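Model the placement of chain B on the given structure of chain A, informed by the hints.
Below are the chains, spelled out letter by letter.
There are 2 protein chains.
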Amino acid sequence: MKSVSIKAVLATAPESQQVTVNGWVKSFRNDRFIALNDGSTLKNIQCVVESNQFNETILQQITVGAALKVTGALVESQGRGQTVEIQVTDIFVHGTADPEEVKLTILSPKKHSLEFLREQAHLRVRTNTFGAIMRVRSALSFAIHQYFNQNGFQYFHAPIITGSDAEGAGEMFKVTTLDAKKTSLNEAGEVDYKEDFFGKETNLTVSGQLEAEAYAMGLGKVYTFGPTFRAENSNTSRHLAEFWMVEPEVAFNDLNDNMDLAEDFIKSVVRYALDNCMEDLAFLQERLLNEEKSKPQVERSEMALIEKLRFVVDNDFKRITYTEAIDILRNSKPNKKKKFTYPIDEWGADLQSEHERFLVEKHFKCPVILFDYPAKIKAFYMRLNEDGKTVRAMDILFPGIGEIVGGSQREERLDVLKSKMEALGIPEEELWWYLDLRKFGTAVHSGFGLGFERLVLFATGMGNIRDVIPFPRTPQNAEF
Amino acid sequence: MKSVSIKAVLATAPESQQVTVNGWVKSFRNDRFIALNDGSTLKNIQCVVESNQFNETILQQITVGAALKVTGALVESQGRGQTVEIQVTDIFVHGTADPEEVKLTILSPKKHSLEFLREQAHLRVRTNTFGAIMRVRSALSFAIHQYFNQNGFQYFHAPIITGSDAEGAGEMFKVTTLDAKKTSLNEAGEVDYKEDFFGKETNLTVSGQLEAEAYAMGLGKVYTFGPTFRAENSNTSRHLAEFWMVEPEVAFNDLNDNMDLAEDFIKSVVRYALDNCMEDLAFLQERLLNEEKSKPQVERSEMALIEKLRFVVDNDFKRITYTEAIDILRNSKPNKKKKFTYPIDEWGADLQSEHERFLVEKHFKCPVILFDYPAKIKAFYMRLNEDGKTVRAMDILFPGIGEIVGGSQREERLDVLKSKMEALGIPEEELWWYLDLRKFGTAVHSGFGLGFERLVLFATGMGNIRDVIPFPRTPQNAEF
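Quick mapping for you: the protein sequence lines, in order, are chains A and B. Number 470 in our numbering belongs to position 470 of the first sequence; there are no gaps in the numbering. Number 453 in our numbering belongs to position 453 of the second sequence; there are no gaps in the numbering.
If we strip away everything but chain A, and leave its shape as in the complex, we get:
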């Protein structure tokens, strides 16, 4: 008999029809009630076993973590907590799970620390929390593709291995096939990359933006959604060495269009999660409430998870210039009372996390788009404003998350771009093709990057970025 997903069975009207499901045992109460889960949904199906109808050997194998195939009649449930249940007539044990061994793993039915769960990242997706997180992550991914598809964007795969290190977004990982034991140096004492696979030094990409610009200047509206890398020794709850980034790039969009796009995009994908993941979100909301019970009132979230997501969808993001932000910060209580680690006294200072948090969490209490930053603290490719000192950059700051988007209108003027590169010592030969985009039909264009894991953090209410990606890569950790 063809099996069906537990999600489908739970949505079926019970008419005593025969159904077959597969799944893993979450619990087996009173030698009678199996709670079975197959990952298709957070919820388990209750399978009722008349123990005198089954062989003792079979019954003994029904322990937490075992994989079963169960057949029986789907009937209305008499118990609480579920509408339907299966009156079991047949059980096949796919695989057992020795209770003594299970005890040593995160599969054992008790509360485990998130640290311990990370050590068993190959099993943690079987827990309610991680099942919920990963289904929400998947739904958000789909929402991203759907949003861009519906809005006329082409999905563009930026190269992962890159011969360029000019973007300067961060430290890079080297990619090589050279044998480190016998690296040959040339006469100048440098590594001879002619021998390497690509015949030159290559790295893992930090961003697909520059290549996406090339594609936007042909296809008009494009986006990337792929892995990017930072070889930075940051052991924080907000950084990964390998993470997924979404980068739309649009020809003929200026910075205002770019802000409109980013805001509409974020609202749309969060709305998708609200429309499609309510069960998992409600569970994650409950988890967060429980976790925060042990915290002092002032550290608890002001809004519950779902309310917070609705707030983002329903309210305009606040848009202010960097200059306005500096004014607010300079006159703020924490600045005057010298509570900031980095006091704000003059225009031009790079904003630190404490400043961003003040603006978003205390002052505006909503997502904030900061724009028109000082040129000096931003990347070379951002368009210089007429004032000669600010660039058309924007960052979107989220409560509890900090920077979730960084973007800009790009410098489309060949001469301005060249002099900027020269000033920063970026050789033209390195980016000849990027300059070509300004030689042949250049135009205003803009884009941004959204750190996907930060969005998942926000949507799931989790506190550590290592808990929203299946197998996190961080300094000293590439397990699995």
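Calculated from the structure, these hints are not laboratory results. Quick caveat: nothing in here was measured; it's all calculated off a predicted structure. Warning: the hint list may mix true and false statements.
All copies of an identical chain are treated as equivalent in the list; a pair is satisfied when it fits inside any one copy or across any two copies.
Stated by the list, open to error - In silico DSSO-like links for lysine-lysine, alpha-carbon gap of 30 Å or less: (1) K182 - K200; (2) K376 - K338; (3) K389 - K69; (4) K267 - K43.
What follows is chain B alone, placed relative to chain A:
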């Protein structure tokens, strides 16, 4: 005035309403007819200019490759080849394109070789051919996500940097932050990876399968769609060092379910392209017909592109065992006439491309699924059949492409898997977590990998895999 995409304008009923479009000049005929394209569609919009109404300086800047913003009344076209056109009242030149410089690039309006186009991969997307290819590629990507989303799969991001090199699918790229100039060797004369970013040797993944298995054993149905890597020195029209792979993995699926899934999946995404990309496909079909005109009759495709895609959607894939395939090959004309470079005389031989092509292109003339391969020529994780000598592997072979899918039912029995690993010298410590999946609720499960670029090759009728990915990475080439 807000601009709209050319695709939208071309689909609008002309009522002399004002429209504004942006795009690049494809041609400017008789100082009067601008063909403008913005990448939203293959088609250009005709913009009619009364040259006496415009400044000579503006008119001189309207050359091939220049970027313009054009405003005017949308009217019914009097000319052939388009239904609507714009009677231009206003032109803004975003960026010029010096005709002397354009002459040296692939933007110049004449036929360029695919090799020359590859050298200017940053510009080639502006040509009709590459615009069409990349829109089809994007549509196929979306079709993949949509198919899995609609069928209850969770999108799972497999790690790109991996500490494991056990899968043995091919040569790997090393990922490191060590300075090759001063690599420190330990007492045993080996590189000391404790100093490296992850504290151990790490590589770029060749497949997300093993990790996807872990996720399937929790979420039930998962898939990856991400970049994978091979550091193989293969300079062929079918191989890339960096390519995108789709890998579904399903708990409780056996090999038959796996074949059903693969066939349904491929048909569904090809159908999506037929339903959504007809304009681009028709153009690519024409391109292929033109290209093949110079070939002798026997080397030309038997079916035109769109007919070939329809054939795949409408016909069952032929399923035969490896053993049956060997019988067919042994008794085939080319084998008897010693036309194969590798004659087939006994069971157990690995099939070469010439054999696969014979089966698919000459014998069956349709996609073929070969299954139940000799264990000796397949990977360690494939499930051993009861005969003790074959495994539940399957390959899908496509006309003109060769292997497009490789998959299997996985070995779910801990003891069998362990002895297989031991025989092959794969240390258990390396894959402790993979073995855990067989300790805790193991179950039948299956999956496959589809090389995305091979699918794009098939769908676009292109001949070289370097022409269906934006920026190809191959030996000695990581430009852009």
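TODO: Could you tell me which of the hints above the structure violates, numbers in ascending order?
DONE: Nothing - there is no hint that the structure violates, so all of them hold.
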